[in-house]
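Visitor: So you can see what is in the structure, the chains are spelled out below.
There are 2 protein chains.
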Amino acid sequence: MRIAELSRRSGVPVPTIKYYLRENLLPPGEFTSPNQAQYDERHLQRLRLVRALLDLGRLPIAAIKELLAELDRPSPDLHHALGRSLMLACLSKDPVDESEDPEADRMVAELIERRGWQVDEGAPARRRVAEVIAAFTRLGVTEPIDLIDEYAEAVDLIANADLEVVRRSTGPDTIIYNAVVGTVLGDALLAGLRRLAQESASAKMFGATGTD
Amino acid sequence: MRIAELSRRSGVPVPTIKYYLRENLLPPGEFTSPNQAQYDERHLQRLRLVRALLDLGRLPIAAIKELLAELDRPSPDLHHALGRSLMLACLSKDPVDESEDPEADRMVAELIERRGWQVDEGAPARRRVAEVIAAFTRLGVTEPIDLIDEYAEAVDLIANADLEVVRRSTGPDTIIYNAVVGTVLGDALLAGLRRLAQESASAKMFGATGTD
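Chains as they are written, first to last, in my numbering: chain A, 1 to 212; chain B, 1 to 212.
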């Protein structure tokens, strides 16, 4: 298909597609003349992935570029390839510009031990969780920190469901692709479901009728 | 304190603080001379909140402005004030530029019915969840959709913990503030914990040693 049809089918404007091509977020089409290229279903699929990571995952362009490179690399060692992909998806949402907080680091380490989680010492998610705990403390909202074990129990259910998806996938390429999409979009899904469950719990707790 | 000290204590550069003042993200200080203003602990606290919503919540400036206005408004009706705040926190992360997907809408409605959730027909989170489901479908990753009931069960645990925090708070102002911070930062906390739990589940499933 020509770029106009790619635009029509994806809903992404032509100038935006050209920008993605320049930024290597999208592989070049096959040139049929110096000014005309043909695109196929793989371009459409890649375009949808870029939009989902941008719009729903809210990842920066640079992070998406690295993630796509990871997706395109042949990966013999599944656990490490998965780890690299998830690290990218994590790091990119986590600008590290806060000061260190040893107390928060200690709380994360203790939580990991209590749960029996098998997590690398250098896992960026440790740092991410510690930063959120530190932010709660700075903002004087400490109750969620007290509830971290209840949160952790809930995410164990989620992570087991996530890995079940991975286990059912066939072939390392599909596994990595599904893990990236499932992790980044999964955060958005969980955030949305959490709002629904919160609204319901609030309606029940504060006695609203739910009819307004 | 002067703006230099506010900058030092918050870690936010002076030009950035001036930008927040111009954008009304931060109330003006008390002017002691035409070129000099004094700030207090409330400014420091507000600055920390803005940074957390920006860096960890990744909310756009416009959304933060609306949320802060909601926080500053006296709120006699708790359920609705909570609803408005959470709606803002939700909408702002959810640019609606996808096409409608009636199938996804139907799946969300059925999920809400299965869970017995009491959720307004017009709740933006319905739309958000439907959009994520539609994106999964477009990307050909349908397994997470099959697991939505397991996700929903996990978020019920989370939402009950969230509302427990709200119940323990005293005074409507504190309740709204805690709900906003807990919801926006809570998403970041859950995303981080999910990565930890995933890494652990992956290590156990794919037999990595966890020592590298």
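Possibly wrong hints are sitting among the right ones.
Said to hold, decoys possible - Restricting the straight-line Cα-Cα distance to at most 20 Å, the calculated cross-link-like pairs of lysine to aspartate or glutamate (DMTMM-like) are:
| # | chain 1 | residue 1 | chain 2 | residue 2 |
| --- | --- | --- | --- | --- |
| 1 | B | 204 | A | 120 |
| 2 | A | 18 | A | 40 |
| 3 | B | 204 | A | 121 |
| 4 | A | 65 | A | 55 |
| 5 | B | 18 | B | 30 |
| 6 | A | 204 | B | 153 |
| 7 | A | 204 | B | 113 |
| 8 | A | 204 | B | 121 |
| 9 | B | 204 | A | 164 |
| 10 | A | 65 | A | 101 |
| 11 | A | 18 | A | 30 |
What the hints assert, rightly or not - Per label pair, the in silico range of CB-to-CB distance:
| # | chain 1 | residue 1 | chain 2 | residue 2 | range |
| --- | --- | --- | --- | --- | --- |
| 12 | A | 61 | B | 114 | 18 to 28 Å |
| 13 | B | 62 | A | 153 | 31 to 41 Å |
| 14 | A | 103 | B | 174 | 21 to 31 Å |
| 15 | A | 150 | B | 32 | 25 to 35 Å |
| 16 | B | 60 | A | 137 | 23 to 33 Å |
| 17 | A | 1 | B | 109 | 29 to 39 Å |
| 18 | A | 40 | B | 167 | 54 to 64 Å |
| 19 | A | 9 | B | 40 | 49 to 59 Å |
Because the hints were derived from the structure by calculation, they are not lab data. Quick caveat: nothing in here was measured; it's all calculated off a predicted structure. Just so it is clear, CB atoms sit at the ideal spot from N, CA and C, and this is done for glycine as well.
Visitor: Each of the hints needs a verdict: does it hold here or not?
Guide: Structure-based check of all given hints:
no., hint, verdict
1, B:204 with A:120, "holds, 13 Å"
2, A:18 with A:40, "holds, 15 Å"
3, B:204 with A:121, "holds, 16 Å"
4, A:65 with A:55, "holds, 15 Å"
5, B:18 with B:30, "holds, 14 Å"
6, A:204 with B:153, "holds, 17 Å"
7, A:204 with B:113, "holds, 15 Å"
8, A:204 with B:121, "holds, 16 Å"
9, B:204 with A:164, "holds, 12 Å"
10, A:65 with A:101, "violated, 31 Å"
11, A:18 with A:30, "holds, 14 Å"
12, A:61 with B:114: 18 to 28 Å, "violated, 38 Å"
13, B:62 with A:153: 31 to 41 Å, "holds, 36 Å"
14, A:103 with B:174: 21 to 31 Å, "holds, 23 Å"
15, A:150 with B:32: 25 to 35 Å, "violated, 48 Å"
16, B:60 with A:137: 23 to 33 Å, "holds, 25 Å"
17, A:1 with B:109: 29 to 39 Å, "holds, 35 Å"
18, A:40 with B:167: 54 to 64 Å, "holds, 55 Å"
19, A:9 with B:40: 49 to 59 Å, "holds, 56 Å"
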